[in-house]
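Numbering (this note's numbering), first residue to last: -15 to 343.
Any given hint could turn out to be false.
[As the list claims (entries may be wrong)] Below, in silico cross-link-like pairs of lysine to aspartate or glutamate (EDC-like), each with a Cα-Cα straight-line distance of 16 Å or less:
| # | residue 1 | residue 2 |
| --- | --- | --- |
| 1 | Lys334 | Glu262 |
| 2 | Lys(-8) | Glu70 |
| 3 | Lys328 | Asp145 |
| 4 | Lys231 | Glu318 |
| 5 | Lys156 | Glu74 |
| 6 | Lys261 | Asp196 |
| 7 | Lys231 | Asp281 |
| 8 | Lys334 | Asp145 |
| 9 | Lys334 | Asp162 |
| 10 | Lys231 | Asp39 |
| 11 | Lys(-8) | Asp26 |
| 12 | Lys328 | Asp310 |
| 13 | Lys334 | Asp284 |
| 14 | Lys328 | Glu226 |
| 15 | Lys231 | Asp162 |
| 16 | Lys328 | Asp158 |
| 17 | Lys156 | Asp14 |
| 18 | Lys231 | Asp158 |
| 19 | Lys261 | Asp158 |
| 20 | Lys328 | Asp160 |
| 21 | Lys224 | Glu262 |
| 22 | Lys328 | Asp162 |
| 23 | Lys290 | Glu226 |
| 24 | Lys(-6) | Asp66 |
| 25 | Lys261 | Asp284 |
[To be verified] Between beta-carbon pairs, the in silico distance windows are:
| # | residue 1 | residue 2 | range |
| --- | --- | --- | --- |
| 26 | Asn0 | Leu76 | 14 to 22 Å |
| 27 | Asp309 | Ser65 | 35 to 43 Å |
| 28 | His206 | Ser(-5) | 34 to 42 Å |
| 29 | Ser63 | Asp253 | 32 to 40 Å |
| 30 | Lys231 | His155 | 18 to 26 Å |
| 31 | His84 | Glu214 | 26 to 34 Å |
| 32 | Gln264 | Asn339 | 42 to 50 Å |
Note that these hints are calculated values from the structure, not bench results. The beta carbon of each residue, even a glycine, is placed where N, CA and C say it ideally should be.
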Amino acid sequence: IDSGGMLKVKSKSPLNWSVCFSLESGMMTDWTYFGTNLVEHDCGPTLNLYRACTDNDRGGAFGTSFASRWNKIGLSNMSVSDVSVETAKEGLSMVTVSVHQVWRPRIPIVENEEDASVANVNEVGGIHWFGRDADSSSKTTEPSCSRVEDQSDDDKEVAIDVRTMYTISSHKIDVDYDVDLSSLRSVLSCKGKTDPSVPRLGMHMEMPATFDEAYWYGSGPHECYPDRKESGLMQTWRAKVEDFPVKYIVPSESGGKTDVRWAAISSSDCTLFCLPKESQTSFELFNVSPYSQSDVDAADHWSELKPSSSTHLYLDYRHMGVGGDDSWSPCIHEEYLIPPASYKFGYQLKPLPGNKAII
């Protein structure tokens, strides 16, 4: 621990690597491997629950869209508190860093779910489907919501418990998450219209923009999502990071690849291999982008977007479907939702010097 409130794990000679963590935030802020820093803007591997909203995410009315519910709690930018960082030495060549965080909304949760404007979401229709009865005593009932049967947590504080274990050795870092999303069940519910869901459950990491080439074994070559992937071919693929985003009329989440068994992202100096844990067999979604998620989410036109100074890496254990039965209601099929519950998942990050990916 240095005077700047950082925890630093480093190798002994002759190996040349080091990893730094902020004791204030619990974030990995630096990972240097043979002179190459793999982390940009102090944003090492961190839990990611959000995606830049698609048109279908905005489908709904009176605050019933998925996008409105996510933005109501500020899911894209939650505050981190109650941080603790602990270390332990495992044998002669391995160190574990255990980080505990609690994520909470930065903004007050507005209870009026019928006003999408409070969440700054432009919902795109469905009044005939979501129409309100003028007579509140109407006997019309809404469909039941199978995952929100227990309403006893209506008054429960929204607090996401996040426990991250980094197992650091000379040649790789294993990252394991234990995440409890159950406090989101009520606040993301839709009064029986659809089950609650987070858009993704995975990892985001910022890397230097020099990491500009990606390789993966999974679906391709075009974008594929869990409920839109039958046309993808399973094989090894290679593409430039700048070619991943799909330039739809309105910028949104795009370019993902499903069922990825391994992925690699390379610069001329270093390659980072990404592997799911043995029990997972594959990443449900892998994606990279030269644009930040927040910039894409805020833009109305592609001309407003400029590449950031980072390459953004996304490895998802789960990713919600994109739907498409219609574009005016939250119609994602139940099997492609991610219900707020407790989850355990992980992955392995393994750097190698030079461009070692072979296709």
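- Proposed proximity, Asp162 with Lys334 (alpha carbon, max 16 Å): 21 Å, violated
- Range hint 34 to 42 Å (beta carbons of His206 and Ser(-5)) holds or violated: Given range 34 to 42 Å: holds, Cβ gap about 41 Å.
- Message: For Lys334 and Asp145, compute the direct alpha-carbon distance and say whether it is at most 16 Å.
- Response: Violated: Lys334 and Asp145 sit about 27 Å apart, past 16 Å.
- Query: When you check the alpha-carbon spacing of Lys231 and Asp158, does it fall within 16 Å?
  - Reply: 34 Å, violated
- Given the hint of 26 to 34 Å, check if His84 and Glu214 actually sit that far apart at their C-beta atoms. 41 Å, violated
- Look at the Cβ atoms of Ser63 and Asp253 and judge whether their distance stays inside 32 to 40 Å. Roughly 36 Å apart at Cβ, these two residues keep to the hinted range, so it holds.
- Message: Check the hint pairing Lys334 with Glu262 against an upper bound of 16 Å on the C-alpha distance.
- Response: With a Cα-Cα distance of about 15 Å, the restraint between Lys334 and Glu262 holds, given a limit of 16 Å.
- C-beta pair Asp309, Ser65: status relative to the range 35 to 43 Å that was hinted: 39 Å, holds
- Message: So if I understand the rule, the pair passes when the alpha-carbon distance is 16 Å or less; does Lys261 with Asp284 pass?
- Response: 37 Å, violated
- Message: Check the hint pairing Lys328 with Asp158 against an upper bound of 16 Å on the C-alpha distance.
- Response: With Cα atoms ~13 Å apart, Lys328 and Asp158 stay inside 16 Å; holds.
- Task: Mind checking the alpha carbons of Lys328 and Asp145 for me, to see if they're no more than 16 Å apart?
- Result: Given pair Lys328, Asp145 holds - Cα atoms ~12 Å apart, limit 16 Å.
- Agreement of Lys261 and Asp196 with the hint, judged by alpha carbon distance not exceeding 16 Å: 25 Å, violated
Hint compliance for this structure: hints 4, 6, 8, 9, 12, 13, 14, 15, 18, 21, 24, 25, 30, 31 and 32 are not met, and every other hint is.
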